[in-house]
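**Q** Please construct the entire structure, taking both the sequences and the accompanying hints into account.
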Amino acid sequence: MPNCYFIKYLDKKLLADIARNYLDLLQTSLVLYEASGECVQSFFSSKWCQLLNSASIESFANPRDDGPSICDTGPCHSSCWARAAKPSIHLGEPVEASCQGGLQLYAVPIKAKGTIRGAICFGYGAPPREPELIEAIAAQHHVDPTHLHALSAVYTPRSPEIIEAAKANLRASAMLMGEILERRMVEEELRASKEKYRAVFRTNPILTLIASLDDGHCLEVNEALLQMTGFSREELIGNRIQDLGIWTDPSASDALHQQLKTQGHFEMKEIQIRSKFSEHKTLLFSAETRELHGRPCIIAAGQDITERNERERLLRESEERYALVLNGTNDGIWDWNLRTMQVYFSPRWKEIIGYRDAEIRNDLEEWKSRIHPEEFDNVMATHERFFRAEDPVFEVEYRLRHKDGSYRWILGRGACLRDQSGKPYRMAGSHTDMTRRKQIEAELSKAKEDAERASKAKSEFLANMSHEIRTPLSGMLGMTELAMMNELTPEVREHLQMARDSGKSLLAIINDVLDLSKIEAGRSNLEQKKFSLRELADSTIKSLAVSAKAKGLRIFHAVDTEAPDSLLGDPGRLRQILTNLIGNALKFTERGTVTVSMTADAVDAPAGKITLRTVVKDTGIGIPESMLEDIFKSFNQGVTSAHATYGGTGLGLTISKELVEMMGGRIWAESRMGHGSAFHFTVELALADEELDTAEESVPSAPTRSTGHLRILLAEDNRINSLFAAYLLEKLGHSVRAVASGVQALTALREDRFDLVLMDVRMPEMDGAEATRRIRAGEAGDPKIPIVALTAYALQGDRERFLAVGMDDYVSKPLDTAELERVIERVSRWE
Numbered sequence: 001m002p003n004c005y006f007i008k009y010l011d012k013k014l015l016a017d018i019a020r021n022y023l024d025l026l027q028t029s030l031v032l033y034e035a036s037g038e039c040v041q042s043f044f045s046s047k048w049c050q051l052l053n054s055a056s057i058e059s060f061a062n063p064r065d066d067g068p069s070i071c072d073t074g075p076c077h078s079s080c081w082a083r084a085a086k087p088s089i090h091l092g093e094p095v096e097a098s099c100q101g102g103l104q105l106y107a108v109p110i111k112a113k114g115t116i117r118g119a120i121c122f123g124y125g126a127p128p129r130e131p132e133l134i135e136a137i138a139a140q141h142h143v144d145p146t147h148l149h150a151l152s153a154v155y156t157p158r159s160p161e162i163i164e165a166a167k168a169n170l171r172a173s174a175m176l177m178g179e180i181l182e183r184r185m186v187e188e189e190l191r192a193s194k195e196k197y198r199a200v201f202r203t204n205p206i207l208t209l210i211a212s213l214d215d216g217h218c219l220e221v222n223e224a225l226l227q228m229t230g231f232s233r234e235e236l237i238g239n240r241i242q243d244l245g246i247w248t249d250p251s252a253s254d255a256l257h258q259q260l261k262t263q264g265h266f267e268m269k270e271i272q273i274r275s276k277f278s279e280h281k282t283l284l285f286s287a288e289t290r291e292l293h294g295r296p297c298i299i300a301a302g303q304d305i306t307e308r309n310e311r312e313r314l315l316r317e318s319e320e321r322y323a324l325v326l327n328g329t330n331d332g333i334w335d336w337n338l339r340t341m342q343v344y345f346s347p348r349w350k351e352i353i354g355y356r357d358a359e360i361r362n363d364l365e366e367w368k369s370r371i372h373p374e375e376f377d378n379v380m381a382t383h384e385r386f387f388r389a390e391d392p393v394f395e396v397e398y399r400l401r402h403k404d405g406s407y408r409w410i411l412g413r414g415a416c417l418r419d420q421s422g423k424p425y426r427m428a429g430s431h432t433d434m435t436r437r438k439q440i441e442a443e444l445s446k447a448k449e450d451a452e453r454a455s456k457a458k459s460e461f462l463a464n465m466s467h468e469i470r471t472p473l474s475g476m477l478g479m480t481e482l483a484m485m486n487e488l489t490p491e492v493r494e495h496l497q498m499a500r501d502s503g504k505s506l507l508a509i510i511n512d513v514l515d516l517s518k519i520e521a522g523r524s525n526l527e528q529k530k531f532s533l534r535e536l537a538d539s540t541i542k543s544l545a546v547s548a549k550a551k552g553l554r555i556f557h558a559v560d561t562e563a564p565d566s567l568l569g570d571p572g573r574l575r576q577i578l579t580n581l582i583g584n585a586l587k588f589t590e591r592g593t594v595t596v597s598m599t600a601d602a603v604d605a606p607a608g609k610i611t612l613r614t615v616v617k618d619t620g621i622g623i624p625e626s627m628l629e630d631i632f633k634s635f636n637q638g639v640t641s642a643h644a645t646y647g648g649t650g651l652g653l654t655i656s657k658e659l660v661e662m663m664g665g666r667i668w669a670e671s672r673m674g675h676g677s678a679f680h681f682t683v684e685l686a687l688a689d690e691e692l693d694t695a696e697e698s699v700p701s702a703p704t705r706s707t708g709h710l711r712i713l714l715a716e717d718n719r720i721n722s723l724f725a726a727y728l729l730e731k732l733g734h735s736v737r738a739v740a741s742g743v744q745a746l747t748a749l750r751e752d753r754f755d756l757v758l759m760d761v762r763m764p765e766m767d768g769a770e771a772t773r774r775i776r777a778g779e780a781g782d783p784k785i786p787i788v789a790l791t792a793y794a795l796q797g798d799r800e801r802f803l804a805v806g807m808d809d810y811v812s813k814p815l816d817t818a819e820l821e822r823v824i825e826r827v828s829r830w831e
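Numbering of the sequence shown is given in this note's numbering, commencing with residue 1 and proceeding in unit increments.
Since the hints were derived computationally from the structure, they do not count as laboratory data.
Be a bit skeptical, because a hint or two may be false.
In the DSS-like style, the derived pairs of lysine-lysine whose C-alpha atoms are separated by at most 30 Å in a straight line are [stated by the list, open to error]:
#1 Lys13 - Lys194
#2 Lys8 - Lys111
#3 Lys551 - Lys587
On a predicted model such as this, the values are computed, not experimentally measured, just so you know.
**A** This is the structure:
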């Protein structure tokens, strides 16, 4: 029976032993099905077989001394059994079915190597006692009805407990059969694999041998090696290759054997040998050492390159014979006798410019007349420099007129022969059509320009989107802040707090997207500032300690005492990396600790620099090993369910990876699901020059005026943002006049005196940049009045652009009260 796993891998004795465990107990039968649903074996209890001893069943007994006998009746094709077995096979779960006359069937799938191979089932329940039903069943199955009457009379129903025990036993038996079947299938596959390996080894055209590493005795060879050397298998197996006189240089054999002992391999070594018939051969061999059956061995493979080497020798001679032509040829070929001024143009040379061989003369003037006027002087000058040996090679690109009147770009290359005085007397070379390449270069140049325009458009889009999103967001957060300054019920305060937190979350997402866009566009630059490593670590941990405490987590950090404290680098970006990693650790950890450790290493770093190594470990949910690389990709959180549970955009690790690589380091993760994670990253930082930094950071001279009460002109077109900013400024003790455009700002400066201007960049009628230029030009008010940009733009270069038009500083929306106060104090204290 084809593909019959049970007959192939499970003998009848084993099946009978399994059946004997419960058949006589139930006075029932056991049937085995293939995955196709075809019955392959059935067993009946001895009492059933004795009562059903009819001509339609060829039964035989298999008695055992230590237990009841059973009857193996071969395949059974009853539709009742098939109805029970097939659902089990297809669904993979135990099923029950009812048959005519009250017989109950129970079937259990048999699984091996992850696939359902068949099902085993048995029947139970009282046989029918109605005479008419017995007669009908007997006729259907071609059984003597007297036997069924006898069976019905003597059968004693089994209790539910016994039937349930039999079901459990059947499930265990199915599992056991699956395990045995799987083991024997694996054994069969292993045997087949070994046979396949032996066949591949024997028939492999690559020369292959296996030898002992200790004494060099040959253990196995393939037919290709036997045919090449002329030796028989008996002559090689068990002997040392060196002792058979195969090596033409025994010392080379000893050297390779020693290399294998010390290094464990050699690759692509040319070996000179002598066959049994004294033929000299050159072999190219590679070998490595492996332990086979507990014994160190050499596995070597190679090929006979004798003929190849001969071909290469002949080719070299040919190359030397035609070196002049081959050095200058590519497509068309030209040959110029400088003594006679005769030239030769190959048919392909002429074909490139649209002519057949006979249509154009082999004439120097013919060639010169076709050179594009714009390139003629350069082509002639290039020839002259080459003739004078000023240029070591001859190569020139120029346009040559085609038969159709168009021009083809040509790459001319060549070499020359010189006499004893160094004067060239013959020159030959190639003539390559470069037209298509030039077209591709032009297309690439256009594509580059298009990409740059697209990048610019993307930046402008992001800037506009930043402005359009931040402007209403600024108003929302501002109004929320103002509302929270009033006396509120706890419930209302909680609602406002949630609204403010939601707004800040949206702002964080916007910042992440913009930050990633800047990095990908190469517009994010690193600063070089002196900073204290320990102060940066302490302040970062403190800023996150509140979040840790709110979740009941402990957070620890330690900086190696050997690590230098004063460093040069970008502390803001380093803080951003730490915040992202520690923030993630806190987000995905429900209980336990988060630890941060920092060490410094100067061994692998350039002079004057150190490699800062940082590890952030947590006791959180962990990350699947298969996702450890993907988590650094954009919008990836490692586990699909993590976003639903913890939220976030999945950009933090992507941004951290980009920043780490910008700082000359790398980042990676180690984790197991349910056992926490450890994120490692390294960055290169310079050691700080104490004296230089002290000078650079020296305190400027005393201020010319203190902050105090200021009269501030606020130019903001958004009414909500204007109300919020004015309220904040008044809370800080300043008086405010608000206008809604650049034109109104100029009018206000002409009418009144102010100490400071807060200028929105994007306004109707006249934007903030144009208004600032006019103020600095003396068209309105004091040209030296401090002007601070107040805008929702947030891309790289915005601050520089605003400063370039004359603004003194930059504050982005949504407004932060502390930052606004610091900027006002900074610009208003100095002239």
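**Q** Each of the hints needs a verdict: does it hold here or not?
**A** Hints and how they fare:
For the suggested pair Lys13 and Lys194, the alpha carbons sit about 29 Å apart, so the restraint of at most 30 Å is met. Note on Lys8 and Lys111: the hinted pairing holds, with a Cα-Cα distance of about 16 Å set against a maximum of 30 Å. Taking the CA atoms of Lys551 and Lys587, the gap is near 9 Å; set against the 30 Å cutoff, the hint holds.
In this structure, every one of the numbered hints holds.
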